[in-house]
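Here the protein sequences come in this chain order: G and Y.
Its first residue numbered 48, the first sequence is counted upward by one per residue in this note's numbering.
Its first residue numbered 57, the second sequence is counted upward by one per residue in this note's numbering.
By construction, these hints were calculated from the structure, which means they are not laboratory data.
From a predicted model like this one, the values you see are computed outputs, not experimental measurements.
A virtual CB, placed ideally from N, CA and C, is assigned to each residue, including glycine.
Treat the hints loosely; a few may be bogus.
Below, a list of computed lysine-lysine pairs in the BS3-like style, where the Cα atoms sit at most 30 angstroms apart [to be verified]:
#, chain 1, residue 1, chain 2, residue 2
1, G, Lys185, G, Lys121
2, G, Lys265, G, Lys307
3, Y, Lys71, Y, Lys180
4, Y, Lys135, Y, Lys121
5, Y, Lys314, G, Lys307
6, Y, Lys71, Y, Lys121
7, G, Lys144, Y, Lys71
8, Y, Lys310, G, Lys307
9, Y, Lys232, Y, Lys314
10, G, Lys185, Y, Lys310
Over 10 angstroms on every C-beta distance to chain G, these chain Y residues come out as not near it, computed from the model [unchecked claim]:
#, residue
11, Glu64
12, Lys71
13, Ser99
14, Arg138
15, Phe153
16, Gln169
17, Gly215
18, Asn272
19, Arg277
20, Phe301
21, Lys314
22, Arg318
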Amino acid sequence: MSLLSINQLSKTFVTANGSVNAVSDVSLDIAEGECLAIVGESGSGKTTLANMILGILQPTNGTISFDQQTLTNKRTSAQRRAIQLVQQNPLSSLNPKRSVGASVRLGLDTYNIGQKNGRWNVVEDALEAVGLDRNMRKRAPAALSGGQRQRVGIARALACGPRLLVLDEPTSALDVLVQARVLRLLNSLREQHGLTYIFITHDLAVVRNVADRVAVFKSGQLQELGSTSDIFSNPQSTYTRQLIGAVPVVDAAELALRNKLAEIKP
Amino acid sequence: MSALLDIENLQLGFKTLNGRVDVLHGIDLTINASEKVALVGESGSGKSVTARIVLGLLQETRTAKITGEVLFDGQDINKMKRRTCAQLRGTQISMIFQDPTSSLNPVFTIGEQFAEVLRRQDFKLPRSACESRANQLLEDVAIPDAQRALSSYPFQLSGGMNQRVMIAMALANHPKLLLADEPGTALDVSVQAQTLTLMRDLVTDYGTAVLFISHNLGVVREFADRVYVIYQGRIVEDGPTSALFANPQHAYTKALMKAVPRIVGSGLSEVPEVSDAFLAPRISHSDIT
């Protein structure tokens, strides 16, 4: 049964130079516990789609249903709490004037989760769940490394007890080693908490190792949708092949596979 | 052949309120003319400060204590007068930064910024000559409608276009050495691949030597002739790209390789945060063969 269902969703922005179709006529179903990767180049409409799922933007056309209920312009607190976001840049997404703990606690206060006097405990539990020290809640974001900040971003989303996490390029600002650790953490959290992920990225190598299904976007349109193993064994659209062809690789086996997949079908 | 850039036993420490923090512990690195060399390591390993020392920027920071030799064309940058060193920047040595949008000035057009770069070499260069030269350079980096780009502000162009503008500016005065600090990180995969191919072709044409700083081994493999791996301010392994990738020897290099997600789908491997093995002595591939 699908947790999130997107039906013929479109978003048009009106600008001084005419209108831009950022997302056109997209339909998708995401099952509970699944990790769906949304892939595409900059400007392909990935983030606009995520913003509509989160309720930050209102769709021009189409509907989004979560847990069999259609999400309207005015969402209930429970609906907003169930879908949480992890942003791309961990430094700019945390308030530099608040302590890490205060940032994580904000969601608990907003959604009125638990007893007031027990909320710092929930915050510390969330920090511990992402592999940070419990007393780190008193630190300022500037005193943390990039990887630690991204963990705080994940803890902040987790603290609200969401069912669906929208991860908007969660590792693209991190170096390779830190990226590997954060991705492993995300995988284990998904198993532990039975979470559903929408993983937005332009890095296909990351997708190959974390996602169950992949949706490839170009210019706001869904180009290809399939299981990760299908996309990486037999990509159908030319655009997917081009994207795979652009992935930097480190060894000969990968190079051979990439060149084979990137070949344009006659 | 004498090296274009020869760094010997470079050490760097910063004075802080909590005492001295050592950042570089004796770096040895050489780059020959027209050679593409990569410096690879994680965040905080000392990659970017090395580039800043080569540019002579960190020498101006009061809290930085630098010892060792940085010979560029036989002259020690550490002992150079401020003015002489400033003259090298933008003419003999130039740099491309990670985030193109924030490294271009938002209140000047691309054309005005180009003129500033070109006049570092020849300060009497007339406006018309600046324009035609900038036009030519933008065409070299495959920017369509160069005239429009020149009259635009950086925020009116895409990230990929801005990065190509940065590459064109950095190569405008045909420098001997280009320092590229993670030039593809802020770009998406397909734009990154196009930009780096373009940059590689241009530096090969111009005969420019490159110090390419990155944490992405896949990108390094496609770009560099030789690789240095840096960990906590120490070079731990170096050698020709093909040899190093075919047979990584040092524990840290192996960990870096393992951390890269593969499109063959081998899963995500566990990488230890710190390990004594990472501090093992340096391995040079020329010694092994």
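Is Lys185 of chain G close enough to Lys121 of chain G, meaning Cα to Cα at most 30 angstroms? violated (35 angstroms)
Quick one: work out the minimum CB distance from Gln169 of chain Y to chain G and report holds if it exceeds 10 angstroms, violated otherwise. holds (23 angstroms)
Would you assess whether Arg318 of chain Y, listed as outside the interface, keeps its beta-carbon beyond 10 angstroms of every beta-carbon in chain G? violated (6 angstroms)
Would the pair Lys135 of chain Y and Lys121 of chain Y pass a check requiring their Cα atoms to be no farther apart than 30 angstroms? Answer holds: Lys135 of chain Y to Lys121 of chain Y is near 13 angstroms, not above 30 angstroms.
Closest CB of chain G to the CB of Glu64 of chain Y still more than 10 angstroms away: holds (27 angstroms)
Non-interface label on Asn272 of chain Y, tested against every C-beta of chain G at 10 angstroms: Per Cβ check, Asn272 of chain Y is inside 10 angstroms of chain G; nearest 6 angstroms; violated.
With a cut-off of 30 angstroms on the C-alpha distance, tell me whether Lys265 of chain G and Lys307 of chain G pass. Judged against 30 angstroms, a Cα distance of about 22 angstroms means the pair holds.
Over 10 angstroms from every CB of chain G: does Arg138 of chain Y meet that, or does the non-interface label fail? holds (31 angstroms)
Is it correct that the beta-carbon of Lys71 of chain Y has no partner in chain G closer than or equal to 10 angstroms? holds (19 angstroms)
Checking a non-interface call: every C-beta of chain G should be farther than 10 angstroms from the C-beta of Phe153 of chain Y. Is that right? Phe153 of chain Y clear of chain G: closest Cβ-Cβ about 15 angstroms, beyond 10 angstroms.
Against the 30 angstroms threshold, does the CA-CA distance of Lys314 of chain Y and Lys307 of chain G hold or violate the hint? Within the cut-off at roughly 23 angstroms; holds.
Straight-line alpha-carbon gap Lys71 of chain Y to Lys121 of chain Y, limit 30 angstroms: Holds, because 8 angstroms separates the two Cα atoms, which is no more than 30 angstroms.
The structure does not agree with the numbered hints 1, 3, 9, 10, 13, 17, 18, 19, 20, 21, 22 stated previously, though it agrees with the rest.
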